[in-house]
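S.K.: Okay, here's what each chain looks like letter by letter:
Number of protein chains: 4
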Amino acid sequence: MVQYDYHTKIYYKDIDQMGVVYYARYFEYFEQARTELLNGLGIILTDIEDEGFFLPVVSATCDYKKGARFEDEIIVRTMIKDLPRARMKIEYEVYRKKDNQLLVTGYTIHGFIDKEGKPKRPPKALVEKLSSAITG
Amino acid sequence: MVQYDYHTKIYYKDIDQMGVVYYARYFEYFEQARTELLNGLGIILTDIEDEGFFLPVVSATCDYKKGARFEDEIIVRTMIKDLPRARMKIEYEVYRKKDNQLLVTGYTIHGFIDKEGKPKRPPKALVEKLSSAITG
Amino acid sequence: MVQYDYHTKIYYKDIDQMGVVYYARYFEYFEQARTELLNGLGIILTDIEDEGFFLPVVSATCDYKKGARFEDEIIVRTMIKDLPRARMKIEYEVYRKKDNQLLVTGYTIHGFIDKEGKPKRPPKALVEKLSSAITG
Amino acid sequence: MVQYDYHTKIYYKDIDQMGVVYYARYFEYFEQARTELLNGLGIILTDIEDEGFFLPVVSATCDYKKGARFEDEIIVRTMIKDLPRARMKIEYEVYRKKDNQLLVTGYTIHGFIDKEGKPKRPPKALVEKLSSAITG
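Protein chains in written order, with the working numbering: chain A, 1 to 136; chain B, 1 to 136; chain C, 1 to 136; chain D, 1 to 136.
Simulated from the structure, these hints should not be mistaken for laboratory data. Keep in mind the model is a prediction, meaning the values are calculated, not measured. Virtual Cβ for every residue (Gly too), placed ideally from N, Cα, C. Heads up, none of these hints are tricks.
If you only want the chain C side, here are some residues facing chain B, beta carbon under 8 Å, derived:
hint, residue
1, Tyr-11
2, Tyr-12
3, Lys-13
4, Glu-28
5, Gln-32
6, Thr-35
7, Ile-44
8, Leu-45
9, Thr-46
10, Phe-70
Now the in silico label distances, taken between C-beta atoms and shown as ranges:
hint, chain 1, residue 1, chain 2, residue 2, range
11, D, Gln-3, A, Lys-98, 26 to 34 Å
12, C, Ala-125, B, Glu-116, 56 to 64 Å
13, A, Asp-47, C, Gln-101, 47 to 55 Å
14, B, Ile-44, A, Ser-132, 49 to 57 Å
15, B, Glu-116, A, Glu-51, 46 to 54 Å
Here are the simulated DSSO-like cross-link-like pairs (lysine-lysine), alpha carbons at most 27 Å apart as the crow flies:
hint, chain 1, residue 1, chain 2, residue 2
16, B, Lys-81, A, Lys-65
17, C, Lys-118, D, Lys-13
18, B, Lys-124, A, Lys-66
19, C, Lys-9, B, Lys-89
20, B, Lys-115, A, Lys-13
21, A, Lys-97, B, Lys-118
22, A, Lys-115, B, Lys-66
23, A, Lys-9, D, Lys-97
24, C, Lys-65, D, Lys-118
25, C, Lys-98, B, Lys-129
26, A, Lys-98, D, Lys-9
27, D, Lys-115, A, Lys-9
28, C, Lys-65, C, Lys-98
Please take these sequences and the hints and turn them into a complete structure.
M.R.: The structure is reproduced here in structure tokens:
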């Protein structure tokens, strides 16, 4: 398993009139977190796109236990448990930093396509770097 | 079943560099669509909140088949199949208007809480209006 | 002058914990409104981009008088007063529908560039259609 | 003058189909940056709101020179030059980190109101902390 803890903070732009983060925003935090997990392994998505690979989300789920509030610091624990084949699954757990309270869990499933939208195998460099990180 | 077709259009703000709607935005369309479904039944969420009820999302899922593009008109078919008890499930199907292509499906599950976050029964007016719409 | 009244509605996604629309969202409404003004004149931005023209914002301003609230209907009055040369200025006034209260005013200034970011003259079709609308 | 350099990074959620940050997003970065400037001086906005003060934006402007791209790191230089009286002005300069290229400049002007929206003097603690930072 590869695991990465992405730290971020809640700003006004994300808070709704219930005083908690609007539900769709967590999917943005998920995206930031998985980008950093991959960056941390030396996988730069801009390079992957320049090589003609895109990783669209084909499925996304989020379960909400407790809401984060304005100026809360949160940790998005991000995990890839299995090597990608046709699909890649990434899992997330969001914690409030100050008391380690679990707020949200979720996952995204990604496909691999080319610029025209046709399915491709996952890019070699990504598989290799993930492989050594997962098994290493 | 209650069903409502919410019509909207895709603008630049929602499109990413793949040229399609960013995945998290569909959850915003879902919210707009369910608000209109409820408004159409005479259920105004502002009134419900003034009475001390909030309907936070406790779970949200979206499956992506095809991406909507800039200036596409879309239809968000929104369905409530069962009367809410402790939870209310709302289902969505997003179609591209010009060719009726199904783009996305998803659902949200909502709880009922008071201002302090404690669980409540669903508000009577909401149950009654949904009830006559579903069974009627 | 060309003028267009774009009607839209405020949803939860746009409301912050002050209970009013988050300030940056008005720039999204501006974008929706100017897209519709242009669409109404037969100017489709997707076509313009396919011909290699892009209209990036080079300056944007918004003055806030009163906040729109959840489920408010608003009207974004959108105006082009002068024919575009190197730049195109679009002005906006946002009204709350139920009482015609002026909420916000603003403007955006747009350049014309090609895909590589080099300045271009405004596309002929756009100038012609705006010209007959402004002077007509 | 108080100055603070807020570091952040560009993710997919912010990029439009021109391949650059959507124009409205910079106002979100401005908000993140000014929150951190104030936090750095020991001014926590959540506390200020708990004391009944709100700082709505009354005017916002942004000038765009060059677009930030996906995975760019940016620095939002944030400056308060004058002590707030009825209004507080905050200025911003956004730089691309890797080559120090200036991308965007802008400012926001904030009022001080209570929960009912009535104008108030700026909160004492804020004025004192800003005062010693600006003149100190």
